[in-house]
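A.B. asks: So the chains spell out like this:
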Amino acid sequence: MTVAAIFLPLLGAFIAGFFGRWIGDRGAQIVACTGVALAAAFGVTLFVDVALDGHNVTTQLFTWLDAGDLQVQWALRFDTLSATMVAMVTVISTMVHVYSVGYMAHDSSVPRFMAYLSFFTFFMLMLVTADNFLQMFFGWEGVGLCSYLLIGFWYDRPTANAAAIKAFVVNRVGDFGFALGIFAVYALFGSLQFGAVFDAAPNFAHTPFIFLGWQVDALTVTCILLFVGAMGKSAQLGLHTWLPDAMEGPTPVSALIHAATMVTAGVFMVARLSPLFEYAPTALAVVCVIGGSTALFAASIGMAQNDIKRVIAYSTCSQLGYMFFAAGVSAYSAAIFHLMTHAFFKALLFLGAGSVIHAMSGEQDMRKMGGIWRLVPVTYVLMWIGSLALAGIPPFAGYFSKDMILEAAWASGSRVGLYAFWLGIIAAFLTAFYSWRLLFLTFHGKPRADAEVMHHVHESPKVMILPLVVLAAGAIFAGWLGYHDFVGEGRESFWRESILVLPDHASIEAAHHAPAWVGELPFAMGVLGIAVAWIAYIWRPGIPGVVARSLRPLYLFLLNKWYFDELYDALFVRPVMALGVAFWKRGDGAVIDGLGPDGVASVTSRLSVRASRLQTGYLYHYAFVMLIGVVLLVSWYLLRQIGS
Amino acid sequence: MIVQAICFYLFAAITVASGVMVIAARNPVHSVLFLILAFFNAAGLFVLAGAEFLALILVIVYVGAVAVLFLFVVMMLDINFVELRQGALQYLPVGALVGLVLLVELILVFGAWVAGPEVAQSIAAPLPLATNVTNTAALGQLLYTRYVYVFQASGMILLVAMVGAIVLTLRARTDVRKQDINVQVGRRRADTLEIVKVRPRQGV
Amino acid sequence: MNDALPSFVPALPEMFLAASAMVLLVLGAFQRGPHVAREIGWLGVVALAVTAALVMSFGYERKVSLYGMMVTDGFGMFMSVLTLIGAGFAIVMAMRFNEREGVARFEYPVLVLLSTTGMLMMITANDLISLYVGLELQNLALYVIASFQRDQTRSSEAGLKYFVLGALSSGMLLYGASMVYGFAGSTNFDTLAHTLEASNASIGLIIGIVFVAVGLAFKVSAVPFHMWTPDVYEGAPTPATAFFSIAPKTAALALFVRVMIYAFGELVDQWQQIIMAISVASMILGALAAINQRNIKRLMAYSSIGHVGYALIGLAAGTPAGVRGILVYMAIYVFMNIGTFGVILCMRREGRLVEGIEDLAGLARTQPMLAAALAIFMFSMAGIPPLAGFFAKFYIFMAAIDARLFWLAVLGVVTSVVGAYYYVRIVKIMYFDEPKGAFDPGIGREMQAVVLISAMVILFFIVFPSPIVGAAELASATLFPG
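Protein sequence lines correspond, in order, to chains P, V and Z.
My numbering puts the first residue of the first sequence at 1, with every later residue one more than the last.
My numbering puts the first residue of the second sequence at 1, with every later residue one more than the last.
My numbering puts the first residue of the third sequence at 1, with every later residue one more than the last.
Hints were generated in silico from the structure; no laboratory data involved.
Backbone N, C-alpha and C define an ideal beta-carbon position, used for all residues, glycine too.
Mixed in with the good hints there might be a few duds.
[What the hints assert, rightly or not] From the structure, some residues in chain Z lie toward chain V, with a derived Cβ separation under 7 Å:
no.	residue
1	Leu5
2	Ala18
3	Leu66
4	Val133
5	Leu140
6	Arg150
7	Thr153
8	Val164
9	Ala201
10	Ile203
I would like the entire structure built from these sequences, with the hints used as guidance.
C.D. replies: Right, here's the structure in full:
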């Protein structure tokens with residue numbers, strides 16, 4: 001069953017991808033959806049079996065590498081953590097698959113799309129069920145590849161291609177860190193198996209390690225390197241620039257990959273490696289600071305964006321920041337809890353946004369929407385549910401998880417924890433604000449689209465609405481259903497050994513004893529944010545314009561995403577391009593080609609002309625050449641004789 | 001001995017000198033005549049060495065047949081050798097230099113000629129010259145025993161030369177009437193005659 | 001005078017071949033009929049086959065006979081058989097060509113047989129005299145064959161050039177031989193080897209060897225004594241060119257190896273330098289000059305110069321492995337050349353023979369089988385695995401490395417790369433250029449067989465290398481006493 005759960009999507013991808021031409025669009029949709037749906041059924045069953053009933057299984061497939069000391073197996077590791085992820089991934093993936101049937105109905109390469117989606121699901125499952133670092137890396141790179149393929153799915157759009165390349169390159173930076181981290185792990189522990197490494201981790205706490213000529217704490221460096229990988233994949237501050245651009249891909253892709261699953265791989269990785277991070281408190285502090293900063297930073301940008309998908313993308317970025325700082329204060333279970341609830345409501349929001357875009361004939365700019373809530377009532381309601389969950393309004397899912405994260409951050413008592421807590425509180429306000437800004441701009445007010453578009457506004461087909469309803473159910477109920485097991489009283493028996501928290505890092509336990517105001521504050525901020533949004537966009541629609549004009553520099557700063565792209569462009573892209581051009585034109589073109597292939601070739605052909613010119617056709621020339629040859633040889637021997 | 005030595009140097013000098021003249025003479029007929037002179041002197045050297053058979057063969061074959069043939073050919077072809085040599089003369093200085101270098105080197109080599117003891121031994125061994133046998137008989141004995149293989153092969157070379165000459169020059173001429181007795185004898189009446197019955201007053 | 005007529009049994013192959021040549025000559029002279037040349041040709045092939053059987057009946061054992069004039073051993077057997085195979089194919093390839101060109105005369109196979117007789121004598125020579133006589137027998141026949149198309153100026157010119165330069169080289173060889181005789185006191189290889197073992201070589205002897213080597217280098221067309229090759233190859237009738245590039249080259253190389261390794265084996269340090277020099281020069285010139293050629297026969301001339309350069313590496317190594325390398329190389333070379341010339345002979349458009357490389361354009365579309373065969377030969381010549389040509393070079397370079405001639409091997413590899421350019425260019429022209437119109441169909445069954453057989457040998461050498469490599473191993477051992 002474990003094997004089936006993982007490999008059914010691969011099978012579906014294989015059939016849809018390679019035989020799409022024969023089985024047709026409909027066939028590919030059926031095959032791919034069936035594959036992931038079955039995988040989801042198995043995934044949920046496994047979740048019940050493994051996480052709730054406590055039967056951990058590790059399925060050994062076969063040996064991958066056996067080179068000297070390095071032995072790597074293909075294995076599927078099912079414990080609570082991975083079972084949770086498998087269930088979540090397969091369920092969300094199934095919803096997105098079904099949704100795609102409707103959303104991509106008019107596209108010209110449906111089989112390819114379905115194949116990519118299923119292929120991605122397979123890699124994601126490989127990632128989460130990995131039993132060693134290398135297999136995790138395999139899945140890690142695989143999802144990166146699929147992300148690249150799906151962002152650039154409409155490869156005839158230059159912007160989509162650019163976004164795909166950007167996503168790939170930025171992820172390379174992170175992956176480089178991840179790879180270095182894996183090397184460091186191997187160098188330290190001599191193994192890549194999770195079990196062996198985790199068992200040995202306590203012995204290596206405070207072990208010095210020479211890195212780039214500095215003597216540093218081995219585990220800290222290793223964990224920070226690994227976290228760099230997580231930052232890339234999970235779009236944390238600094239390596240986040242690819243995520244908003246990735247919205248160039250089809251909306252289901254944004255929902256599945258760039259909201260619910262792949263981007264959370266970084267969080268998952270930190271949780272999975274909690275036995276390492278726990279012994280590297282400095283690394284945890286770094287995780288916490290980066291997470292907290294990202295939460296606020298991304299939320300601030302989200303306020304000023306006009307593209308509906310970009311707003312949600314920054315929201316994702318921000319929520320990932322929450323998860324990271326939860327992990328940073330050792331509240332891994334809270335991070336995973338939020339990950340799970342977030343997967344539901346963020347997928348819901350994205351797919352809802354997709355439904356809106358679908359209704360608006362492909363329009364994504366919120367300034368050209370408005371006043372359509374009567375026309376798409378179901379979508380409208382679903383978007384409300386998603387936004388309420390996102391803003392952390394009880395009893396929606398986000399309330400439970402986000403609250404727990406903020407409480408844990410406060411309760412951890414460390415300075416970085418408090419830093420993250422306050423940033424998180426502000427971000428909660430901003431989150432509510434931009435969420436309702438989105439709702440108001442999109443659904444309320446006067447229609448700003450032209451009559452033609454308005455005339456076509458319609459509710460999406462059932463095949464698209466149905467997954468939304470399922471996700472909405474998740475967004476409503478996942479929080480209080482999961483609270484007990486994930487972060488509540490039942491957490492010890494639920495997580496068991498899949499997550500390690502040292503006793504003096506027990507922030508969850510402390511969170512349960514936090515003062516009441518800590519729990520109430522995020523809720524209050526959320527309500528406040530909604531209120532402010534209502535004032536600014538419904539009651540007094542003139543305010544945003546006034547604010548933007550009076551605080552023009554700040555507005556531009558936010559609108560331009562803190563000028564990160566420009567900074568990177570100036571700092572990395574242009575110098576590297578210049579260097580590349582220099583190497584290409586001067587180094588490769590002039591020097592290597594000039595001296596090497598071209599030079600040698602031209603010298604050769606010139607010599608060739610000369611050599612064939614020797615052949616004059618005159619007999620006495622020929623005889624003469626022979627004679628010269630003789631004289632040379634004879635002279636050579638005579639001179640040698642005289643010399644010796 | 002003195003006479004022999006004088007004769008040797010005389011013959012040798014004339015051979016070399018006429019050899020040079022073969023190349024240097026402007027008139028090709030002169031060249032051939034010098035060649036004949038060189039052959040004669042070489043024959044003289046053979047006589048001095050006691051190989052009178054070879055000397056006479058040289059005179060008869062080379063002078064009597066080959067050189068005379070040459071002479072005829074040269075006279076008949078009427079080739080303008082001066083014109084032919086024009087291109088070659090252009091490179092004379094370089095050619096002369098290379099030739100000179102080679103000459104000097106060879107002189108150096110021969111100047112250092114020291115025959116080792118084993119060498120003298122092996123030279124003596126393969127020549128079973130019996131004093132009581134004539135020159136001709138001795139040659140014959142060697143040619144048909146020790147060197148029979150290469151002697152026969154030389155015959156093959158001559159055969160090839162003959163075949164080659166025929167291949168390259170013989171043309172079956174079709175424009176001449178030749179008597180072929182086989183054809184004449186083998187002719188049948190049916191080949192040439194057709195009996196036609198001609199009825200009167202009807203024509204053929 | 002106790003010399004007696006020696007036993008001629010060891011010379012049986014040569015005698016049989018010469019006798020059958022003469023019989024065929026007489027037969028041809030008295031035979032009338034349109035197909036007399038073809039019939040004589042097939043009889044000649046039969047004679048060659050019988051000769052090969054006779055040669056092989058002697059086995060690998062080394063035996064000196066005929067007063068030391070000749071030697072039969074494994075080395076001679078290997079090279080003789082190779083030469084005979086080459087000659088046989090040359091006769092077969094010439095049949096159709098001669099008929100079409102109007103020079104179908106029975107003398108052609110007869111001359112090939114006579115020339116081959118000379119080659120066998122060269123290969124089995126154990127004395128400078130028999131060497132020279134065999135060489136001249138071979139050469140004289142070759143001169144005639146070169147100008148066989150006597151009505152064409154360039155054929156006559158080729159024959160004449162070959163003759164004059166050949167005479168010059170023969171002169172040098174004789175001069176060298178006389179010096180060797182003068183300084184070492186013998187022309188017999190055994191005696192020479194013996195004498196050299198006992199005492200140091202004088203400078204005169206070494207200069208004599210230089211002259212002998214020059215004469216032999218001319219025969220194998222090694223640089224700088226190669227000047228005749230392109231002109232003669234281009235001018236001579238194509239089947240004659242094929243013959244030149246196969247049989248005489250094999251025989252001359254065999255002679256070269258025997259003289260150097262066996263007779264002057266003691267002086268390997270001395271002559272190694274000559275061989276290396278001409279080997280390097282041949283490889284470089286063969287690779288460079290071929291690039292610029294437009295005529296495929298001329299290209300093959302430079303190609304053969306280059307191949308001789310590689311083979312000479314094996315000689316320069318002066319080891320059994322080197323000689324084995326040469327044997328394997330020549331065996332494969334013979335088949336590559338047979339096949340390539342077989343294809344060239346099929347290059348006929350509207351009844352006329354075309355020789356330009358550009359004329360091959362688009363051959364892959366008009367005659368795919370022919371193109372595929374030529375591609376195989378070209379890749380093999382370039383030394384691309386898994387074709388036989390790769391192994392040929394492989395054995396040679398291995399021998400060079402074992403003999404610590406690293407730079408020679410490196411240079412060999414570099415020039416192979418340059419050489420690959422023009423071989424692969426032919427493939428490119430055949431497969432990627434616009435077709436220039438098909439060649440005349442109906443290349444004849446015997447040509448199909450020729451091309452097919454050689455392609456099979458080149459292709460499947462990797463599967464069954466042992467017949468050639470094993471025989472070469474045994475044969476090379478016989479050249480090294482003790």
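A.B. asks: Once the shortest beta carbon distance from Z:Leu66 to chain V is found, is it less than 7 Å?
C.D. replies: holds (5 Å)
A.B. asks: Z:Ala18 was flagged as interface toward chain V. Is the shortest Cβ-Cβ separation under 7 Å?
C.D. replies: holds (6 Å)
A.B. asks: Does Z:Val133 hold up as a contact with chain V if the rule is Cβ-Cβ below 7 Å?
C.D. replies: With a closest approach of 4 Å, the Z:Val133 hint holds.
A.B. asks: Does the interface hint hold: is Z:Val164 within less than 7 Å of chain V, judged Cβ to Cβ?
C.D. replies: violated (13 Å)
A.B. asks: Do the numbers back the hint for Z:Leu5, that is, is its least Cβ distance to chain V under 7 Å?
C.D. replies: holds (6 Å)
A.B. asks: Would the stated hint for Z:Thr153 survive a check requiring a Cβ distance to chain V of less than 7 Å?
C.D. replies: This hint is violated: Z:Thr153 lies away from chain V, its Cβ roughly 14 Å from the closest one there, beyond 7 Å.
A.B. asks: Taking 7 Å as the limit, does the beta-carbon of Z:Leu140 come near enough to a beta-carbon in chain V?
C.D. replies: The hint holds - Z:Leu140 has a Cβ within 7 Å of chain V, the shortest such distance being about 5 Å.
A.B. asks: Against chain V, with CB atoms and a cut of 7 Å, does the hint on Z:Ala201 hold up?
C.D. replies: Z:Ala201 check fails; min Cβ-Cβ to chain V is 10 Å, beyond 7 Å.
A.B. asks: Holds or violated: the hint that Z:Arg150 contacts chain V, with Cβ atoms closer than 7 Å.
C.D. replies: holds (5 Å)
A.B. asks: Does Z:Ile203 pass the interface check with chain V, least Cβ-Cβ distance below 7 Å?
C.D. replies: Constraint on Z:Ile203 satisfied, holds at 6 Å.
Checked against the numbered hints above, the structure breaks hints 7, 8, 9 and satisfies the rest.
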